[in-house]
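*Asks:* Single-letter residue listing:
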Amino acid sequence: MKRTILYFSYLITFLIAISGTSFTMKQMNTLNSPVSSETEACLDCHSVVTPGIVEDWSSGIHARITPAESLAKSDLEKKVSSPKVPEELKNKIVGCYECHSLNTAKHADSFDHFDYKINVIVSPSDCAVCHSDEMEQFSVSKKAHALDNLRKNPIYSTLVATITGLKTMDKGKIRESEGSENAKNESCYACHGTEVKVTGTMTLETDMADLELPVLSNWPNQGVGRINPDGSRGACSACHPRHSFSIEIARKPDTCSQCHLEPDVPAWNVFRESKHGNIFHSKQTQWNWSRVPWTVGKDFKSPTCAACHNSLLIDQEGTVIAERSHDFGARLWIRIFGLIFSHPQPKDGRTYLIKNQDGLPLPTTFSGKRADGYLIEKNEQDLRRTQMEQICTSCHSTLWTRGFFRKFDATTAEADKMVLAATSLLQEAWEKGMIDNKNPFDEHLEHIWIEQWLFSANCLRYASAMSGPDFAGFKYGWWKLNKTLQELRFYMNQNH
Amino acid sequence: MKRTILYFSYLITFLIAISGTSFTMKQMNTLNSPVSSETEACLDCHSVVTPGIVEDWSSGIHARITPAESLAKSDLEKKVSSPKVPEELKNKIVGCYECHSLNTAKHADSFDHFDYKINVIVSPSDCAVCHSDEMEQFSVSKKAHALDNLRKNPIYSTLVATITGLKTMDKGKIRESEGSENAKNESCYACHGTEVKVTGTMTLETDMADLELPVLSNWPNQGVGRINPDGSRGACSACHPRHSFSIEIARKPDTCSQCHLEPDVPAWNVFRESKHGNIFHSKQTQWNWSRVPWTVGKDFKSPTCAACHNSLLIDQEGTVIAERSHDFGARLWIRIFGLIFSHPQPKDGRTYLIKNQDGLPLPTTFSGKRADGYLIEKNEQDLRRTQMEQICTSCHSTLWTRGFFRKFDATTAEADKMVLAATSLLQEAWEKGMIDNKNPFDEHLEHIWIEQWLFSANCLRYASAMSGPDFAGFKYGWWKLNKTLQELRFYMNQNH
Amino acid sequence: MKRTILYFSYLITFLIAISGTSFTMKQMNTLNSPVSSETEACLDCHSVVTPGIVEDWSSGIHARITPAESLAKSDLEKKVSSPKVPEELKNKIVGCYECHSLNTAKHADSFDHFDYKINVIVSPSDCAVCHSDEMEQFSVSKKAHALDNLRKNPIYSTLVATITGLKTMDKGKIRESEGSENAKNESCYACHGTEVKVTGTMTLETDMADLELPVLSNWPNQGVGRINPDGSRGACSACHPRHSFSIEIARKPDTCSQCHLEPDVPAWNVFRESKHGNIFHSKQTQWNWSRVPWTVGKDFKSPTCAACHNSLLIDQEGTVIAERSHDFGARLWIRIFGLIFSHPQPKDGRTYLIKNQDGLPLPTTFSGKRADGYLIEKNEQDLRRTQMEQICTSCHSTLWTRGFFRKFDATTAEADKMVLAATSLLQEAWEKGMIDNKNPFDEHLEHIWIEQWLFSANCLRYASAMSGPDFAGFKYGWWKLNKTLQELRFYMNQNH
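Taken in order, these protein sequences are the chains called A, B and C. Letter 253 of the first sequence, counting from 1, is numbered 264 in the working numbering, and no numbers are missing. Letter 469 of the second sequence, counting from 1, is numbered 480 in the working numbering, and no numbers are missing. Letter 361 of the third sequence, counting from 1, is numbered 372 in the working numbering, and no numbers are missing.
Same shape as in the complex, but just chain A (with noise of 0.2 Å):
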């Protein structure tokens, strides 16, 4: 009878654990976790302080396994990608203090915390002690130099500068001036990042001790291509939330919609309307988002943005589909937005570096040449596209799959002819006079020809690669693109 019992228990917390309750602190101590004494003295305080994120951290796998643990896994199930782990960090569970106390020599926002010291701010740097191969993967990405490839690219910062200036009114005459940081902190940056820099100190009254705190320049920011006060690049809490560092949050589209948004990067809102997000949205909670490897079929049914760009996939065999890669754009041998025209990936995450023939920072000049030296080659583009031909063929037919890419080919090509009418009919106005080509993105015709390659081409061509027909037709698209076109010539004709 007392097995029963026994039984019965089992299975409640069985239940309990499956229902999505978190560990309390309280429970851990009871299961003799091996929490830092650092780390606990953290907890005391913060469970008052801010009780949310200790909640959130203690609902998430960094508050319930240790590094060593976490080696000890297989290959492919090993989330720890660091071949060794420094000794003192191995056999706790990773908490507040062993996150926010790393490298501290070299964080500037670092001070002095009731005796410890932390640094306000934990960089790819500080988590690429357990994760490094991430970190190294990701540091080579377009991602990691977001900031830079606007800021170091006079002709994108110029149009960074242009949209978020702000316009006052003299004489009837708009004045423009450059945006202000806090402009370009809240919309460009606010996805590519700042560069937070401590400018000074600033004492905080607590109810224990004044604090001496960093004051931190162009703070909080999450985007991608943060600068941080140790000089790494990146934030990995753009994808993984803080204080759970969620895997299953990271693997859903929902976050890659924090900055990928029509109209200009429209990869959620094609993704929602194509086959695919129709079956993510109905069968997502009866799917396993945080198991590793992820088992095409099992685990999930139809692919996410992780799947096809960053997952590392196997089949039911346990056999490897796709190897995990924190470059995002490691399988992709075309890149459809971010200019004028589609064009082969860029080999430097710097983009910010290409020449092209007209000497000018972009992938091809403005009647389409592309910067060729700068970009991969056609044996580097064939690899990558038969590394996702191979993500797609674990669920289509080798003809689909072959279809389906002839398709995206065909699109690509016209969404850059419609540009270059585009363009050609500005270039047109530039040249007759109409309007003035020293700042490409300050006129109202300009407005209009920059919407049909930042939204409309990228709309038709995102359509197509993730097969969002409405997208493709009157959502932007060839409706739009259309539209655009009649639009520029019926008020150049008016002007002419």
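Warning: the hint list may mix true and false statements.
Note that the list lumps identical chains together, so a pair holds whenever it fits in one copy or between two copies.
In silico lysine to aspartate or glutamate, EDC-like type, Cα no more than 16 Å apart, as pairs [unchecked claim]:
| hint | residue 1 | residue 2 |
| --- | --- | --- |
| 1 | LYS389 | ASP420 |
| 2 | LYS182 | GLU442 |
| 3 | LYS184 | GLU439 |
| 4 | LYS178 | ASP427 |
| 5 | LYS428 | GLU189 |
| 6 | LYS428 | GLU187 |
| 7 | LYS163 | ASP359 |
| 8 | LYS178 | GLU498 |
| 9 | LYS494 | GLU187 |
By construction, these hints were calculated from the structure, which means they are not laboratory data. This one's a predicted model, so the numbers in the text were calculated from it and none came from an experiment.
With the hints as your guide, set chains B and C onto chain A.
*Replies:* Structure of chains B and C alone, referenced to chain A:
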């Protein structure tokens, strides 16, 4: 052995209970729920005539608890806020008759329903029999006066009439007419509420007997500022859908999204693309949406509309972080939509009473001067702002929170300046007679200007308030603020 | 004690079953599922070659039930509608071979696949072997003829060709060309369906042997009006995604949203912001999406697209509220999109057969006169409307329902008038020679006019039909109807 089987049957019951299956009437009778005989009579027919309503109600808390049981709960847990509930209601569950038979004398919509006096509409005054605090808080809010805030304000009523006005062509000229009641009810008043009056009676044949029913004007409607046949204001069902009156549904952003949507009030859309929204979409099925009070980090891990704007929040120790309020502006110091420029919240929910320095019923003049006497003072602003900061600091550091609010201050100021520039341009057009300012809402250039403040500036302000970078950038926001200004200038130059 | 353990193991099995884990092949064999030897051969390879498909199929009902078992169910529960299923199919679960080997003689896409004759495409005619009623209902619907309704209608085909037509610049002039097959397939035909033909064969090398495969034109495609290589019309997979063929997915609005989206057919978007949509988004994970028949209030608490438009609905007593139909217009009396003005539903699914009083294949003239002989009569309209009202009154009172329909009638009439005004303006522009009416879809003023009926009026009508106030107000709807009219007048005055 028998006990084993017993445990197993408990388990099955438990599994069924958590699987979301609702109580059926049969089960209810088995459990001897204290249903009033009147409600039993309602259920007898209505489980056949309108089975959906009955099932929905039976899945809600009203079908499972008596007011007496609720009153016995602790102050924080209690949802019945009225100090005294009438004796005859106390010990029965809250069924059809308990709600539809209240305050009959005041209800012009009361009718004889097979010998019971039944009100068609259950109004906030009826709900207040048990939930008096909520009614009291709500009744002073802008929401309670949402209809009159449009109707009794000559500026807004002109806007409504112009937008919803049917146009016909008369010899090449657009002939305008004021919007029909129907057009207003379907658009603006669908959210703001209609005035529901009894205009007569009608006979309805039923299987049992003929019914003499009241005929209601402007019905159906569930707008938040509805004026009911008993003279009360509001519709609790706007957020707590009939007949489960679920706190779960009301607490989710989907409820707010019925009205607070882009392009004019993009609250839901910005939340959707924010990190908070991302976490909500990913994890919501694992949260406890019904617990009262609501524990930060434990019951929910990312704020929703309700968490920041009206729910009773506590930490794990039971300390209150924020008091419940059904005046949804109670925690707000600034108003970022609804008028040309941002401004401090009005003191009175009846915004039509405001008079600015130009004598207009608007919280600012067209050049941005604030109608100070009508708006909350600095100390009240600070009080509310501190209250909101306290919610943020449940999960964020003081540094983070202050930085966040600093950005918000700067961005609302910048948005206002972009609106000011467009307004100056429009004033030039009015002064030069390009357009006619008799009705500032009916000409093409005026429409462009309206979109500047009502769409683009609102979007930018919301994007800052809730961290949705796309709405600050290319989705309305800075992109459109800038484009619209150049577009206005472009047209005005052409017509010069 | 042993029995206790047994119970516990049952329990674990049960928990695994409800946790969404799919059957694996191994489990299937253990359970002695009646899999055909042919399907076993398919599974042997394809669980390695296309593991995603196999897993998806094994999670669906086809992998768990034989036609004979389905036929034994009660009339209301039965999903196999064919009175007779071929003997050889009856007692095996519905596996790969059972579907891909049907009617081979008719299938131009049939090929020799390691000694089995396999059809690439499983067509509606194949599904009809078991589901004949669904095929029959579908085959007379507008959906079944969705491709020809574009292609064979000269007006619509001009619209399609113009929108998707590639434009190039030729000495400052926009040179138009008709849309490529690819452009049409990616946009309009992605939903309407393509005509899939076998154009040749190709050799595919595989690990086992070379395969001689049919080459298909206009493939892949899952449009609802696809014309298949066996001559049949439709793609069941448009709504029942392969290879689980889940009724759950088909019943959820996400499925319909693949095609029915703003700006032209904003069904999903309006639902999303309606109270019905709010409740759906909040509670959907707690509903029973697979039960047949579908019980109002019990299995679902708020209607979805399927509930109102095609599912078999009953009340708790088992009384039928609405019969199942796979003619998705069968419950509709009015058509609110797809043409300039609203009009009664066409009698025939082949809308290209209509001829209006101007001799055009449109259900109304440009001034709104209806092509009466081709549209359903008053009595049929009333019949369908009553049917729909019956669904509403499962949850709403008669008063409410009538009021709702009264608003809908008024709003569709008002939307039509706003379109009429814009059409009059356009006719003026045509008559005065400002623009050329040879192709009514290719000039800027015409594009503005198209948006009036195809975007704004559709949005207003849908907003009324499904109670989405924002789409009636500022999101398209009245705001845009009004703005567009003034915009047209503004341009025409400039060009005068």
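*Asks:* Need the list of violated hint numbers for this structure, in ascending order.
*Replies:* none
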